Amino acid sequence: MNNQLKVLRAMRNWSQAELAQRLDVSRQAVNAIETGKYDPSLPLAFKLARLFDMPIEEIFDDGFEG
Amino acid sequence: MASKDRMMVTEPQEPRAPGFVWPTLICFGAIMLAGAFAGYNAAAAEAGDATLAPWIGPLIAAALGIGGLFLYFRRHAGWFRALSPRQRRYWTALGLSAVVGGIIGGWLVLDQPTGRSAADLFSSGVLSPGFAIGASLLWVAGLAVGMVLYHRAIDDHEERAWLWAGLAGWYAFVFPAPVWWVLHRAALAPPVSVMALFLLTMLVNAAVYLWFKFR
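Which chain is which? The protein sequence lines are X and C, in order. In this note's numbering, each residue's number is its place in the first sequence (first place is 1) plus 2. In this note's numbering, each residue's number is its place in the second sequence (first place is 1) plus 7.
There's no promise every hint is true.
[Unchecked claim] What the simulated footprint calls covered on chain X by chain C, stretch by stretch (three residues with Cβ under 8 Å from a Cβ of chain C suffice, anywhere in the stretch; the number is not a length): (1) 34-45; (2) 51-58.
[What the hints assert, rightly or not] Derived pair list, reagent style EDC-like, types lysine to aspartate or glutamate, alpha-carbon separation capped at 20 Å: (3) X:LYS8 <-> X:ASP64; (4) C:LYS220 <-> X:GLU67; (5) X:LYS49 <-> C:ASP56; (6) X:LYS49 <-> X:GLU67; (7) X:LYS8 <-> C:ASP163; (8) C:LYS220 <-> X:ASP26; (9) X:LYS49 <-> C:ASP118; (10) X:LYS39 <-> C:GLU166.
[What the hints assert, rightly or not] Some chain X residues close to chain C (C-beta under 10 Å, calculated; not the full set): (11) MET3; (12) GLN18; (13) ALA22.
Treat the hints as calculated values from the structure; they're not laboratory data. This structure is a prediction, so every number in the text was calculated from the model and none was measured. Note that the Cβ used here is the ideal one computed from N, Cα and C, for glycine as well.
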């Protein structure tokens with residue numbers, strides 16, 4: 003699944019470690035989400051949406067064009 | 008002068024995370040000390056002199072080791088306090104596992120009869136009943152407490168790594184165990200080795216966990 007995490011993080015000038023601290027996850031988790039190797043759980047996706055003040059579907063894109 | 012002093016003031020430093028070198032050295036030193044007591048006792052027995060009670064050496068070594076580790080980690084208490092509750096549980100679980108592993112390892116070294124090489128530590132040689140019972144209890148209790156703490160502390164990503172690693176470890180047991188067993192019953196293979204299967208599952212588990220966690 004594609005996502006905007008790297009862009010959103012860069013806009014705030016946060017390192018992966020800083021974002022991980024704000025989400026209370028490991029830095030490896032942030033890296034895995036950014037590189038598309040891991041899709042976060044729904045609670046973590048909601049946490050990200052709240053942190054960036056955006057709807058989940060604006061952060062994550064499952065490629066569906068209905 | 009005052010303004011120069013103000014300019015020289017450095018930003019407060021973030022608390023430093025504890026490293027691995029000092030704890031390793033402290034544990035190694037405690038094991039060496041216990042070994043020295045055991046060596047003294049062996050030499051005294053050979054010379055026909057009075058020996059110390061066998062528990063004195065390990066007790067002093069363990070007390071000094073635990074004291075050293077306590078002093079070392081107290082220096083990093085600020086770092087520990089700055090962690091989130093989840094991270095605190097995580098490092099507590101890892102620390103507890105390391106201590107239990109260190110105690111079992113140190114005790115195993117001390118339990119070896121004199122004259123055996125380091126490679127014999129992991130052979131199927133005879134162990135004393137005291138060590139066997141004590142190490143088994145420590146392993147089960149330490150693993151149970153450590154794993155509860157650990158699994159309550161890990162994030163989604165690491166949990167997923169463990170789920171796949173656990174499944175892979177399970178398959179690493181399920182595939183070879185019955186095959187080996189029937190081959191042995193047909194006299195086509197040596198007797199089934201529990202420790203070989205255990206080692207295989209651990210290796211597969213660790214490899215898959217590390218792949219999912221750090222790739």
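Verification of the supplied hints:
Residues of the stretch 34-45 of chain X lying with their CB closer than 8 Å to a CB of chain C number 7, which satisfies the three-residue condition for coverage. For a cut-off of 8 Å, the count of residues in the stretch 51-58 of chain X with a CB near a CB of chain C stands at 0, and the three-residue condition is violated. With a C-alpha separation of about 16 Å, the suggested pairing of X:LYS8 with X:ASP64 holds against the 20 Å cut-off. Of the pairs offered as hints, the one joining C:LYS220 and X:GLU67 is violated, with about 32 Å between alpha carbons and a cut-off of 20 Å exceeded.
Note on X:LYS49 and C:ASP56: the hinted pairing is violated, with a Cα-Cα distance of about 69 Å set against a maximum of 20 Å. Using a Cα cut-off of 20 Å, the hinted pair X:LYS49 and X:GLU67 is violated, with the two alpha carbons roughly 25 Å apart. Taking the CA atoms of X:LYS8 and C:ASP163, the gap is about 19 Å. The hint holds against a cut of 20 Å. For a cut-off of 20 Å, the pair hint linking C:LYS220 to X:ASP26 stands: about 16 Å separates their Cα positions.
Restraint check for X:LYS49 and C:ASP118: the C-alpha separation of about 51 Å exceeds 20 Å, so the hint is violated. With a C-alpha separation of about 14 Å, the suggested pair X:LYS39 and C:GLU166 falls inside the 20 Å cut-off, and the hint holds. With 10 Å as the threshold, the beta carbon of X:MET3 stays out of range of chain C, its nearest partner Cβ sitting at about 14 Å, so the hint is violated. Interface restraint check: X:GLN18 against chain C, minimum CB-CB distance 12 Å, threshold 10 Å, status violated.
The interface hint given for X:ALA22 holds, since its Cβ lies 9 Å from the closest Cβ of chain C, which is under the 10 Å cut-off.
The structure does not agree with the numbered hints 2, 4, 5, 6, 9, 11, 12 stated previously, though it agrees with the rest.
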